[in-house]
Amino acid sequence: MITHDENLMTPWQQNWQVLHSNVGAMLGLSVLLILVICAVFAPVIAPHDPAMQYSDALLVPPIWMEGGTMRFFLGTDDIGRDLASRLIYGARFSMSIGLIIVIIAMITGVLLGAMAGMRRGFVEASIMRLMDIILALPSLLLAIVIVAILGASLINAAIAVAIVLLPHFVRITRASVVAESSRDYVLAAQLDGARGPRLFAITLLPNIAAPLIVQSTLAFSSAILDIAALGFLGLGAQPPTPEWGTLLSSSREFIERAPWTVTLPGVAILITVMASNLLGDGLRDALDPRLKR
Amino acid sequence: MIKVFIFSLLLAASSMPAYASTLVYCSEGSPETFNPQLATSGTTFDASSRQIYNRLVEFKIGTTDLEPSLAENWSISDDGLVYTFKLRQGIKFHKTKYFSPGRDFNADDVLFSFNRQRDKSHPYFKVSGGVYKYYEDMAMSSLIKEIKKLDDYTVQFVLARPESPFLANMAMDFASIMSKEYADRMMSAGTPEKLDLQPIGTGPFMFTRYQKDAFIRYQAHPQYWRGKEKVDKLVFAITVDPSVRYARLRAGECHVMAFPLPADIPAMKKNTAINVDEQPGLNIGYWAFNVNKKPFDDVRVRRALNHAINRQAILDGVFLGTGKLAKNPIPPSIWSYDETTVDYKYNPDKARALLNEAGLGDGFDTDIWAMPVQRPYNPNARKMAEMIQQDLKNIGVRAKVVSYEWGTYLSKSRAGEHQTILLGWTGDNGDPDNFFSPLLSCASAKSGNNRALWCNGEFDQLITLARSESDQTKRSKLYKKAQAIFKQEAPWLTIAHSVRYQPRRSNVKGMKIDPFGGVYFSGVSIE
Amino acid sequence: MLLYLLRRLLLLIPTFLGVVALTFFLIRLAPGDPILVLAGERGVSPERYAELQAQFGFDQPLFMQFLHYLGQILSGDLGVSVVSRIPVLEEFMSLFPATLELSLVAITFAILIGIPAGVLAAVKRNTVLDYSVMGASLVGFSMPIFWWALLLILFFSINLGWTPVAGRLGFLFDVEPVTGFMLIDTLLADDFGAFLDALHHLILPSLVLATIPLAVIARMTRSAMLEVLRENYIVAARAKGLSPFTVIFKHALRNALIPVVTVIGLQVSILMTGAILTETIFSWPGIGKWMLESIYRRDYPVVQGGVLLIATIVIFVNAMVDLLYAVINPRIRKAG
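Protein chains in written order, with the numbering used here: chain A, 1 to 293; chain B, 1 to 527; chain C, 1 to 336.
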């Protein structure tokens, strides 16, 4: 019989225990999972083709308002496209692009941070100064400028946002590497013959995983918000791509006549980011050693 | 004695308004400059030539009829080559914080205003860029052979060839008259560009202050030769977002607004505090194909695209009843419009067949440039582009929608960077040449206003002939032939002619709708 | 301590140079001929092209160009706007007060509401009050600001008509710009009606801009307070019999505020990001809107100069906050 005796659990099992008991975090996790399912199974779940323009159903209100129908239960936009379908497909864009951005930022950030933390000296100084420069610019401004140079598209927006989120990963990695480097187990591994990348991958990485994971959820939230902002400003995903921010920019003029075209995409963004933040909070509580008293 | 004094004080006090009467206009964008000679956009003209300047002749506001303005009268020689203008005397230029005129308006100012644009060696030619687009597009440099000052109040224009629309051209914005005295003063002060940034004119309103993207402030010219305006102050509240313009109009923050959204118009009409004036516009909205880029050099492809688009759906979804289907490049209200033109019908199968014929059975990739701003001929270019994109997808053509900030959009497309582009045109003088020459002639293909970059020898010959012909019946025949060629060669898909709406608060009186799309605040008052 | 300060200030220099290098490369990375790009949409005559080429020294080696650029920057020449032909620095100085005014009002809101909320939440830990404050705070920094602004406009301006739709001041008021701060200028012009109107216009945009800083400050205050309340000296103070009020305000808050101060300082960058969106939606004539419009218009001198100026301000404020933190944090003070 397996008992969940605290002393017999692995650290990761212990972490899960703490996380599990955090209501908010579990809520966040479930919402994110639902969104991932929506994103992956969009073609199956969405009631209509998001690009299909039903010329007989312009600006139909959602089902809970007068004039709404089950056919378009969240209403339609001004050229007759089903909002629910567009939102579901939008989840696909937002979730995948958010994930891609976080992965790019994390991998690049960890590599740079590791180099900075292990090499010290000039390499460290130049990497950290570069990060300072990126941080010196307000995030959206930097992203907008990068997109202005590269051209307005979802991919370029993703690159821009990844660059903006980079410094946080670099800093965390470097700080952790520096802190851990003087520890005994690292010295032992070095005596054993481990060097550079191998040293990092085997000894350091597992021990800095915790703050990185927490940072990833925060980065994910930022990524979603920044991509939506860029889409809203016309610098990210271009219409007719149903990215949530882009939806908001094209429906802005209908704020009075068809408020649902404005409120619903925003609600989608809000829910996603809140879920991610709740999960991040929960993860921080679970993984932060300082709080384990 | 004291009683009389107090009484007159009280009388004076009671007739003084608490605030000087101010008219606020919610405009759609920032002007590129305050010198209309340097610009082609209506936004710039509204802010400059139409309030600050006068021209030798002008259109009576709200009509296409010419009336004397700075020129009292004029005579044309029998061969149509010499135009002699007698100038009005006693006209005063603006007196502002930055300039005090030393003399009245005279022939020197007329000569300066035109010579700056035509004489490359003129000291002012290079100032502010040295590009006078309208002057070039109207082929003025080849048209005007000589300008002579006969005396202080008589100016003579000698043309190289007879040109019927010439007088109407003199009423256009680029023909605005500036102060030579001010120009000389700015040149010697070393700041000639101020002429274009802080303008001085003879018009009804004087420039006070401009904050980029925020507002432009004007004051009534106390010595305006037609009489001081009833409104003391004029403000252009630059509001790029049309729903914000509407919200401001409703809240009474502005008195008149530009370019309402078609979907807001029914609500505006119901609102008792707002009046919506309307008039069919002298305009055309079109989708042009850059014939210099493959595959648009093949007329079959252009015809295929003409068949591929469901324009009725666009009229319904984008114009919402404010537009009429267009089959010719000129609107029906302009004489020589060919009623008998056979339009391309919406027929995706025919479109596919034509593409196959042209060897493009697998389709091709292209872009569709869409304007970021509302224009009289197109209330929502982005939406239109998305609908076109969808129609193209049905015949296997993959299109990307491209957009830029308005000024950038105009300049990049002028350079021919696009493959296809949504744009349009509002007539400036009621003459059919004003559509054909700037938009479809070989000369304008070079200078850039001809966004299809289409240069057809036969077509060009016809419109050139028509321009110099003075008999309207003969001209009409020539233009009809030209329209037939246009339809055959299909450098554009003609989309719609739209109705012009001008919403204003109901206490605004005297506001007329300019058929050429401009806003004039002369003669307007608030009750 | 002094050494720390000195070190911190010296670190600014390479960062600043880095930002200068960044903006230097900006123009050269933009698509198209940089001279045409700098000249703008009106096009140039061949003579002007040659002039510009000489002025920017494009024929010289890259390093020389950089030095030349650096020299221009340090002498205050940040280029001329392609669209308005006004010097970039001049445009910046005329628009910056608007953003500053908005940001100051926003951060004031954020502090006045955020800190008490955080304190309350910490003191009444795990109660409904705590959860509501934390919940609201979560919503606050998960919210896309541009959407939030649109919702508030829809509700308060359009539906209720309580606040103006956009802008800084009603157009009927013509106030001479003296300081650039509307609240001050209207008072200087003796126009109380305009002053009230300016306040009226400030409400909604500053609330929107304050949202994220408020949420962050409330959270930070709460967690800082919670940490402090656990400390020994607090327990001791309580044991001594001091009233809860004194305990909270005289002892706990003062120490809790230390990390909060840094957080407030770090809001500068967030405020700028928020300003871009807020100013655009409310047509607020500040540098956020200016930057965005310049980017749309490809007004590269403005983008280059604006980015440099904004980055410099952020770096400067962050450095000041670091110094302030070092001053008030007794641990660093003693160590110095």
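These are calculated hints, taken from the structure and not from any lab test.
Watch out, some of these pointers could steer you wrong.
[Said to hold, decoys possible] Within a straight-line C-alpha distance of at most 16 Å, the following computed EDC-like cross-link-like pairs (lysine to aspartate or glutamate) qualify:
#1 B:Lys-324 with B:Asp-297
#2 B:Lys-393 with A:Asp-49
#3 B:Lys-212 with C:Glu-293
#4 B:Lys-512 with B:Glu-58
#5 B:Lys-212 with C:Asp-191
#6 B:Lys-509 with B:Asp-277
#7 B:Lys-233 with C:Asp-174
#8 B:Lys-95 with B:Asp-213
#9 B:Lys-509 with B:Glu-181
#10 B:Lys-97 with C:Glu-176
#11 B:Lys-293 with B:Glu-339
- Item | Hints that the structure is at odds with (numbers, increasing) | Violated hints: 1, 5, 8, 9 and 11; rest satisfied.
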